Amino acid sequence: MSALLDVENLWVKFPSRHGVFDAVRGVSFTLGRERLGIVGESGSGKSMTGRAILRLIRPPGIVEADHIKLDGVNLLDKTEKEMRAVRGQRISMVMQDPKYSLNPVMTIGDQIIEAYRLHNKVSKSAAYKKSLEMLEAVSIRDPERVMRAYPHEMSGGMGQRIMIAMMLIPNPEILIADEPTSALDVSVQRQVLDIMDRLVKERGMGLIFISHDLNLVADFCDRVLIMYAGRIVEVCDADKLHEAKHPYTQGLLNSLPRLDAPRDRLEVLQRDPAWSEAPSVSGRV
Amino acid sequence: MTEQTLKQWLLTDTPTSRRHAKISAFYQGWLSFRSNTMAMIGLGILLALVVIAAAAPLLAPHDPFVQNLGNRLAPLGTEGHIFGTDSLGRDILSRLIYGARITLYIVALVALIAPVAGLLVGTISGYVGGWTDTILMRITDIFLAFPRLVLALAFVAALGAGIENAVLAISLTAWPPYARIARAETLTIRSSDYISAIKLQGAGALRIITKHIWPLCISSLIVRVTLDMAGIILAAAGLGFLGLGAQPPSPEWGAMISEGRRFILDHWWVATMPGLAIFTVSLAFNLLGDGLRDVLDPKAGE
Amino acid sequence: MNMLDVNDLNVWFGSGRDRVDAVKHATFSVAQGESFGLVGESGSGKSTILRAITGLAPDWSGAITVEGKAIGHKRAKAFFKTVQMVFQDPYASLHPRHSVDQVLGETLQLHGFKDIDTRVVKLLEDVGLGTKFRFRYPHQLSGGQRQRVAIARALAPEPDLLLLDEPTSALDVSVQAEILNLLSDLRTEHNLTYVMVSHDLSVVGHMCDRLAVMKDGEIVEVLDVDVLRHMNAEHPYSRHLLEASL
Chain A
1 MSALLDVENL
11 WVKFPSRHGV
21 FDAVRGVSFT
31 LGRERLGIVG
41 ESGSGKSMTG
51 RAILRLIRPP
61 GIVEADHIKL
71 DGVNLLDKTE
81 KEMRAVRGQR
91 ISMVMQDPKY
101 SLNPVMTIGD
111 QIIEAYRLHN
121 KVSKSAAYKK
131 SLEMLEAVSI
141 RDPERVMRAY
151 PHEMSGGMGQ
161 RIMIAMMLIP
171 NPEILIADEP
181 TSALDVSVQR
191 QVLDIMDRLV
201 KERGMGLIFI
211 SHDLNLVADF
221 CDRVLIMYAG
231 RIVEVCDADK
241 LHEAKHPYTQ
251 GLLNSLPRLD
261 APRDRLEVLQ
271 RDPAWSEAPS
281 VSGRV
Chain B
1 MTEQTLKQWL
11 LTDTPTSRRH
21 AKISAFYQGW
31 LSFRSNTMAM
41 IGLGILLALV
51 VIAAAAPLLA
61 PHDPFVQNLG
71 NRLAPLGTEG
81 HIFGTDSLGR
91 DILSRLIYGA
101 RITLYIVALV
111 ALIAPVAGLL
121 VGTISGYVGG
131 WTDTILMRIT
141 DIFLAFPRLV
151 LALAFVAALG
161 AGIENAVLAI
171 SLTAWPPYAR
181 IARAETLTIR
191 SSDYISAIKL
201 QGAGALRIIT
211 KHIWPLCISS
221 LIVRVTLDMA
231 GIILAAAGLG
241 FLGLGAQPPS
251 PEWGAMISEG
261 RRFILDHWWV
271 ATMPGLAIFT
281 VSLAFNLLGD
291 GLRDVLDPKA
301 GE
Chain C
1 MNMLDVNDLN
11 VWFGSGRDRV
21 DAVKHATFSV
31 AQGESFGLVG
41 ESGSGKSTIL
51 RAITGLAPDW
61 SGAITVEGKA
71 IGHKRAKAFF
81 KTVQMVFQDP
91 YASLHPRHSV
101 DQVLGETLQL
111 HGFKDIDTRV
121 VKLLEDVGLG
131 TKFRFRYPHQ
141 LSGGQRQRVA
151 IARALAPEPD
161 LLLLDEPTSA
171 LDVSVQAEIL
181 NLLSDLRTEH
191 NLTYVMVSHD
201 LSVVGHMCDR
211 LAVMKDGEIV
221 EVLDVDVLRH
231 MNAEHPYSRH
241 LLEASL
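Chains as they are written, first to last, in the numbering used here: chain A, 1 to 285; chain B, 1 to 302; chain C, 1 to 246.
Hint data in this document are derived by calculation from the structure and do not stem from the laboratory.
Please note that the accuracy of each hint is not assured.
Below are the DSS-like pairs computed for lysine-lysine, each with C-alpha atoms no more than 30 Å apart in a straight line [stated by the list, open to error]:
#1 C:K132 / B:K199
#2 C:K132 / B:K7
#3 C:K114 / C:K74
#4 A:K78 / A:K121
#5 C:K122 / B:K199
#6 B:K22 / C:K114
#7 B:K7 / A:K13
Examples of chain A residues toward chain C, derived with CB under 7 Å [claimed, not checked]:
#8 E41
#9 V186
#10 L252
#11 S255
#12 P257
#13 R258
#14 R265
#15 L266
#16 V268
#17 L269
Predicted, not measured: the structure shown is a model, and the values here were computed from it.
From the three backbone atoms N, C-alpha and C, an ideal C-beta is built for every residue, glycine too.
Here chain A stands alone, though its shape is the one from the complex (with noise of 0.2 Å):
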C-alpha cells in the first residue's frame, strides 16, 4: 500500500505565560487509501493533529515536524501561497458544526456552484447541472429544493452532507473529518458516515477520522489510532479495538455504559502518569 500523507514526529506547540505547552508531541503515522480514525478525549490533540497537516494552527501555536509529505512532498517546505493550493484542492477538512462553516446569507446553491467554479473553468448553467449531481451524491433527496435554500432552513444532517459534497467538489486526495457526526442525532449519524464511507471506496480516497467515539470509530475505520496527552498510546486495527491491550483504551472502553451489560457502577479510568512519559507509538504501516 503506497502511502498518500506521511508524518514523521509532528509536534504542535503553544508557548504560553506559564511555559510552552505541547498539544501534540511527536506523532508518527501514515495514511493509505484506507479510512484512518484518530481517538481521543478533549485535550488529546486530536483535533490539533487534524489542523496542523493542513497548517491550520493559529498563532501563536507552532506546527514542527521532520516532514508532513503529500505524496512524496513536503508541506513544511511549501509557502502559504502553495499551501492554500493545497488545502481544499488535495486535503479537505469536514468540521463538526456544519453552521458555522457556511456563509448563512447565500443559498446553498450559489455557494457549491461558487466553489465549483473557483475550481473548474465551466459556465453557470454547466456549473448548477454538476453540483446538482454532488447534491445527489450525498443521498439529498430533492437537490433542487435544496439549491435555492438558505443555511439556516437546513437540519444539521442536511447541512453537514452539504459541507461533505461541498469539500468533494475538487476531488481531494484526502479528506480530513473532525467529529463530523458529533453534532448529529444516532439516526442521521449513520447516513453521514454511509455516505462518507461510500465515497472514500468509490474514489479511492484517504480519510483521517477524528472523533472521541469509540464505537462509532471502531465501527467504521480500517485502523485506530489512539491519543492519549498528545501522543499516540496504541496503534491497532479498528475491528480489533476492543481487544486492544493498552489500559487507557481498556479504560475508556470499560467505562461506557452498556444496554446489554448492565451495571451497578461504571468503571473509573484510573490515570497512569507513566501514559502520558512513555514514547509515541508510531502509526506508520
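Given chain A, put chains B and C in place with the hints provided.
Just chains B and C, lined up with the frame of chain A:
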C-alpha cells in the same frame, strides 16, 4: 516570605481563602495587562498626568494667570518659557500643567455619571423587556437623535455656564450609547444557563441584575468609556470655545486651542501645544482601553 | 403519592403564526425515589418538559403536580427547595466571574441557610471535590469539575426532585462515568428522585428505571428499562432508536 514563594502564592491555582482568590485573580489580570506594552505606555502617561495635576504648584515654572504683555507670543524655547507664551504673555507650559487638573476633573465626572446612567437604563431595559424596554429605548433614541453638541448647548443654557454644568450636559448627552451596549449585553446574558440556574434558586430581578449581569456588562463599558474619553475632552473644549464651558482665564486645554486659533498661521505653537496635550491624553486613554479589553474578557484567564 | 405528575402538558413558544408547539399532550408520572428517563432526538421537546416544570418555559397548559401540590404559573420560593435542575453544558451554567464559593454561598443564602461556611464545605465533599476547589473560578476547572459544582449547587437547597438535562453529553466518556457514578451515589444518600433527559439510550438505560420515548413533541411510548434491554420496545420509533444506538 521570599519573593519566589510570594509569586507562587499569587499565581496559585488553588487559592485558600476568599481574599487570596481575589488577590490572585487580580494579580493574574495585572500580569496579562503588563505584557501589553502599548497599554502600559497608556497607563504610564495617565499616571504621569495624575502626578502632574497633583503637584502642579511645584512643577509649574510660572503662575499660569500672570500676564506679561511685553513678552507675548514668545516662540518655543524662549528663555524661561520652553513652550513659549500666549497672546497675553502667559507661560504655556504652566498653563498646560494647571490645565491637567481641569482635564482630570472633566474626565472623572463624566466617567462617573454617563456610564452609570447608561448601565442602569440598559440593564433594566434588557432584563425586564416588554413595555419597560420599549419606553426606555425610545427615550434613549430621542437623546441619540439630537446632535450631541446642540443638546449639550441646550442643557448648559438651561443650567447656566461653567465647567461643572458643561460636564453635566456632556454626561447627559453621552449616556445613550452606553445604555445601548448594556442592553445588548444583557439580552445575551439573560438567556444564558447561569442566569436560569440562579432563577431556579428563587433570585429576584434586582439581585440578578446587580450581582450577575452588572459584573459582566461593566468590562465592556469601561473599555468603551476609555475609548470615548478623547471625544469627551474635545466636547468640553468645544463648549469652552462657545463661552459655555470653562471660563477665561481658566487654563482649560480646549479653551487654550480656541484662543490660539487666531494666531495659528504666524504663531503655531500657541494652539499646537495644548492640541498635543489633548492628543497625548486621548491616545493614552485609547491604549489603556485596548489593554483593558484584553484583561477584562473573562476568557482571558485561560 | 407520586413525586411528579405531568398530565396533558402542552408547551409552546411564540404566538400567532410564529407559534411552535414544542410539547404536545405529554402525560407521565414519576414515583417517589424513582429515576425516570426522557429520551428522544434533538427537537423532540424532552428538555422543554423540564423547563416547563421549573418555570423557565412560561407558556404551558395542562397540569403539573409535585408531591401532590399543583404547580401554578408562578413558582413560590418553596418550590425551588423541592425541585432543582442540572443543566447540560457545564461551561455555560456557571457564572464566569463567580468563584465556586460565591456560587454555592449565594445559593445557600437565597434559601435562608445560616451555617453557610460549613454547608459549602459539606457540599463540596458530597460531590467529591474537596475544599481545595472552593475558591477557584470556572476557568480554573475542567468540564467534569464544573459539572460537579453545578450538581452541588442543585443539591444546596436539599431538594427531593432533581431534573437532569443531559448532564454528561458535553463531557468525555471517562468523565461521564465519574459523574454518572456520583449521581447514583447521591440518589441513594439523599433519597432523591431523578428525571433525566438524554439522547443516549445506554446512559438512560444505566441510570433509569423507566423511560419515555419522545418524538416531535409527543411521548410515543413509556416503558421499563428491562423491556428496553431485551429489545422489546413496541413502538417502531423506539425500535429504530434502539437499533441506531447499538
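- Query: Which numbered hints does this structure break?
  - Reply: none
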